[in-house]
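When you get a sec, could you build the whole thing from the sequences and use the hints?
2 protein chains.
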Amino acid sequence: MSLTTDSPLLVAQLASLAARILATLPAAARNDALSAIYLALSAAKDKILAANARDMEAAARSVENGELSLSVLKRLDLGRKGKWEDMLKGILDVQELEDPVGKVSLRTRLDTGLDLERVTCPIGTLLIIFEARPEVIANIASLAIKSGNAAILKGGKESTESFVAISTVISEALAGTQVPNASIQLLTSRSSIPELLSLEKLIDLVIPRGSNELVRYIKHNTRIPVLGHADGLCSIYIHETADAEVAKRILQDAKTGYPAACNAVETLLVDEAAVETVLPVVAESLMSSGVSLRCDARSKSGLTTKLPKNLSVLLQDATEKDYETEFLDLILAVKTIPTVPGEPGVEAAIEHINAHSSHHTDAILARDRDIAERFMKAVDSAGVFWNTSTRMSDGMRFGFGTEVGISTNKIHARGPVGLEGLTTYKYLLRGEGQIAGEYGAGGREWKHERLPL
Amino acid sequence: MSLTTDSPLLVAQLASLAARILATLPAAARNDALSAIYLALSAAKDKILAANARDMEAAARSVENGELSLSVLKRLDLGRKGKWEDMLKGILDVQELEDPVGKVSLRTRLDTGLDLERVTCPIGTLLIIFEARPEVIANIASLAIKSGNAAILKGGKESTESFVAISTVISEALAGTQVPNASIQLLTSRSSIPELLSLEKLIDLVIPRGSNELVRYIKHNTRIPVLGHADGLCSIYIHETADAEVAKRILQDAKTGYPAACNAVETLLVDEAAVETVLPVVAESLMSSGVSLRCDARSKSGLTTKLPKNLSVLLQDATEKDYETEFLDLILAVKTIPTVPGEPGVEAAIEHINAHSSHHTDAILARDRDIAERFMKAVDSAGVFWNTSTRMSDGMRFGFGTEVGISTNKIHARGPVGLEGLTTYKYLLRGEGQIAGEYGAGGREWKHERLPL
Numbered sequence: 001m002s003l004t005t006d007s008p009l010l011v012a013q014l015a016s017l018a019a020r021i022l023a024t025l026p027a028a029a030r031n032d033a034l035s036a037i038y039l040a041l042s043a044a045k046d047k048i049l050a051a052n053a054r055d056m057e058a059a060a061r062s063v064e065n066g067e068l069s070l071s072v073l074k075r076l077d078l079g080r081k082g083k084w085e086d087m088l089k090g091i092l093d094v095q096e097l098e099d100p101v102g103k104v105s106l107r108t109r110l111d112t113g114l115d116l117e118r119v120t121c122p123i124g125t126l127l128i129i130f131e132a133r134p135e136v137i138a139n140i141a142s143l144a145i146k147s148g149n150a151a152i153l154k155g156g157k158e159s160t161e162s163f164v165a166i167s168t169v170i171s172e173a174l175a176g177t178q179v180p181n182a183s184i185q186l187l188t189s190r191s192s193i194p195e196l197l198s199l200e201k202l203i204d205l206v207i208p209r210g211s212n213e214l215v216r217y218i219k220h221n222t223r224i225p226v227l228g229h230a231d232g233l234c235s236i237y238i239h240e241t242a243d244a245e246v247a248k249r250i251l252q253d254a255k256t257g258y259p260a261a262c263n264a265v266e267t268l269l270v271d272e273a274a275v276e277t278v279l280p281v282v283a284e285s286l287m288s289s290g291v292s293l294r295c296d297a298r299s300k301s302g303l304t305t306k307l308p309k310n311l312s313v314l315l316q317d318a319t320e321k322d323y324e325t326e327f328l329d330l331i332l333a334v335k336t337i338p339t340v341p342g343e344p345g346v347e348a349a350i351e352h353i354n355a356h357s358s359h360h361t362d363a364i365l366a367r368d369r370d371i372a373e374r375f376m377k378a379v380d381s382a383g384v385f386w387n388t389s390t391r392m393s394d395g396m397r398f399g400f401g402t403e404v405g406i407s408t409n410k411i412h413a414r415g416p417v418g419l420e421g422l423t424t425y426k427y428l429l430r431g432e433g434q435i436a437g438e439y440g441a442g443g444r445e446w447k448h449e450r451l452p453l
Numbered sequence: 001m002s003l004t005t006d007s008p009l010l011v012a013q014l015a016s017l018a019a020r021i022l023a024t025l026p027a028a029a030r031n032d033a034l035s036a037i038y039l040a041l042s043a044a045k046d047k048i049l050a051a052n053a054r055d056m057e058a059a060a061r062s063v064e065n066g067e068l069s070l071s072v073l074k075r076l077d078l079g080r081k082g083k084w085e086d087m088l089k090g091i092l093d094v095q096e097l098e099d100p101v102g103k104v105s106l107r108t109r110l111d112t113g114l115d116l117e118r119v120t121c122p123i124g125t126l127l128i129i130f131e132a133r134p135e136v137i138a139n140i141a142s143l144a145i146k147s148g149n150a151a152i153l154k155g156g157k158e159s160t161e162s163f164v165a166i167s168t169v170i171s172e173a174l175a176g177t178q179v180p181n182a183s184i185q186l187l188t189s190r191s192s193i194p195e196l197l198s199l200e201k202l203i204d205l206v207i208p209r210g211s212n213e214l215v216r217y218i219k220h221n222t223r224i225p226v227l228g229h230a231d232g233l234c235s236i237y238i239h240e241t242a243d244a245e246v247a248k249r250i251l252q253d254a255k256t257g258y259p260a261a262c263n264a265v266e267t268l269l270v271d272e273a274a275v276e277t278v279l280p281v282v283a284e285s286l287m288s289s290g291v292s293l294r295c296d297a298r299s300k301s302g303l304t305t306k307l308p309k310n311l312s313v314l315l316q317d318a319t320e321k322d323y324e325t326e327f328l329d330l331i332l333a334v335k336t337i338p339t340v341p342g343e344p345g346v347e348a349a350i351e352h353i354n355a356h357s358s359h360h361t362d363a364i365l366a367r368d369r370d371i372a373e374r375f376m377k378a379v380d381s382a383g384v385f386w387n388t389s390t391r392m393s394d395g396m397r398f399g400f401g402t403e404v405g406i407s408t409n410k411i412h413a414r415g416p417v418g419l420e421g422l423t424t425y426k427y428l429l430r431g432e433g434q435i436a437g438e439y440g441a442g443g444r445e446w447k448h449e450r451l452p453l
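Chains as they are written, first to last, in the UniProt record's numbering: chain A, 1 to 453; chain B, 1 to 453.
Source of the hints: derived by calculation from the structure; they are not laboratory data. Be aware that a few hints might be false.
Identical copies look the same in the list; a pair holds intra-copy or inter-copy alike.
[What the hints assert, rightly or not] Derived DSSO-like pairs: lysine-lysine, alpha-carbon spacing no greater than 27 angstroms straight-line:
(1) 447 - 201
(2) 321 - 201
(3) 447 - 248
(4) 103 - 377
Spelled out as structure tokens, the structure:
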């Protein structure tokens, strides 16, 4: 890892060269590098925590001055119970994952002695831009090395001391392995971002990990593909056949489990037939947990008569804007799907979601299987769920072992992205001197025989 | 198909709505629409050829005035032997391909009664911008409908009459099917392009089919993902173990088979040890076909003594720029890989290619398998071939049935792109009321059991 230069161009050139070498290393060499990083970080615990303490001190002063929020300060703390151990365990978890490189996904015999193979390979050079959490550097370095990609890391300024300490240790550890040092490089200066984002010939993919504002800024300021999502406007639709207790339980989880998460629910759609049956059960439970409901007229009137008086302060009027807002807070927009003879409510719900959601994760609660399948087919989002919480949208929960991020792109990886999302593929064609011109009209015929993988 | 509006925004909005419907139609409904288009075009042959004749007349005048090249005029001609029949047959070929939608690529039991499925689905709305060839409209319409995507088509102005005639027929044909009319829309005005390229919320993917300039313009003027390639700078490396006759045959095919193709070879790298053995055989054959060789000093001196005098006019000096030029013509840049003890030539060849090629297709000619495998592992291109021609890089030759284009992107589809490249996927999760909060520390454990596909 190079800390000797702050020139983004030079860093990217070195990364690009390192990526070429990394791409040809066998899995064992990449895994050995992860072991080396694990051991080196374990040995350097005191030094790193001391650096982290300096970051914390500076950040505490900024909190006092009102320049920094308490939540950022909390995220900075590597000394918090279990955090250091989790960071180290994460490296070994990544090491144990299946090698994503060299997987054959297609094998075709074009002709005798002319075999085509499609095989996964690393993307090349990743640029990861993240905010305060210092443990991310170990996580990202592991993912990048495991998948054979070089990574340029730009961390938040609040955790600079921690980053430099961790990256110095990683650098020293890599020096004793086959993985080139420049595979993982750290840039600390915020002013390097615009130049990095312009290096489309050297950097293949940008992965922002942080606030919506950060992601949106990056998406609007680069031609390099960006993996991630700016918004997580998730909806849940309560169909008239939904079970009230199931709905209550799922909405509690989806709204109050972790309101600031991108997979938390922000809009609740309710069939008119359920407004006075299912909705009051859901609403009372949510409001008891402090959730404000921003309701349209029909759902509000349905709730007013059914709810205890003391909760009425949390019953508010919705504006159109509320149905396009990612609150990331204990607020939920509620909209009634009116009963119209001959027009199933599910169609109106689908239409609302396709027009308003951020295509992240949307769910239907219903007993009716056909209705649920229709919803899952027609909603155009990365995750479409039936009778479960939007919070399930997560790489760890999906069994991917780890998560690079959740993508709302429709191109390349979509939804929770594991190691697979850090690979591309290439076509290898092994021949015996065949040429294109000898096939076709009057010539040889293609065999195009699928071979086993 | 709507021809009543020329507002790009309205066209894109209609396409986006049509895409939602199209995405939920079963394969049979999409295939029926292709039958209807096939029959309608067959019946309207005379009308369409008459429109095409009007385009040809106008174009012939432009050729006379020197405003248009003869090659564009040729590409315009739908009446040319076999072209009409090929266009119609193409529709049925696409219809017969396997349905790319609804394929399950991952199935995991997260827990009892909580099954995750990853299933392919259409991308949404495609914008296809192409130049003169009028038959492309039928091809693209078929591919879009087959894959469940809506398409906005912007054709070249030289073939406007043909496009309007074909698209009117397609429109009338779709009216009698379940596929919405607005699934395929035509825009004829060139001034609509900048606005279309700005509609990133409505258009999901841009596919340019035409000159390098067109592709480069589009890549630099939109934030919508672009599928395709601007450059096709392909290389062939002759290793010292290459067979001279095989090399001669492959270079003939790769350089002279279709010099204007993106998969034609532009740079030839030759091991110094082969400069006076293999290279003269290759060079004489190429030069006899009229190919100029732009050589570095070592390869030129190696050839000078070996070649017949009458060919010497085709033996030229290379400049550095020649190794970065896509000639698309009967010109080949030749570079010697010097013999350096302890440094295998293949490494220098890999380095040259990774630094200079456009990551489209590169090949090695060698008898040595280990050397070839090393080359295929380390060269970072969409296609890396051994003992066969770069011209093999083609969706039809690869057995994909048809080809949307060849992509040099490393994100999403890479190499020749078939129908698969017009799909994305979504995660469906079917539960029985499970919530995220009940799993993890002290709670339920994930099963993460892989289910058969």
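Hint-by-hint comparison with the structure:
For a Cα distance limit of 27 angstroms, the shortest separation of residue 447 from residue 201 qualifies neither inside one copy, at 38 angstroms, nor across copies, at 42 angstroms. Taking the shortest alpha-carbon separations for residue 321 and residue 201, only the inter-copy value of 18 angstroms comes in at or below 27 angstroms, while the best intra-copy value is 40 angstroms. Taking the shortest alpha-carbon separations for residue 447 and residue 248, only the inter-copy value of 25 angstroms comes in at or below 27 angstroms, while the best intra-copy value is 58 angstroms. Only between protomers do residue 103 and residue 377 lie at most 27 angstroms apart by alpha-carbon distance; the minimum there is 13 angstroms, versus 30 angstroms within a single protomer.
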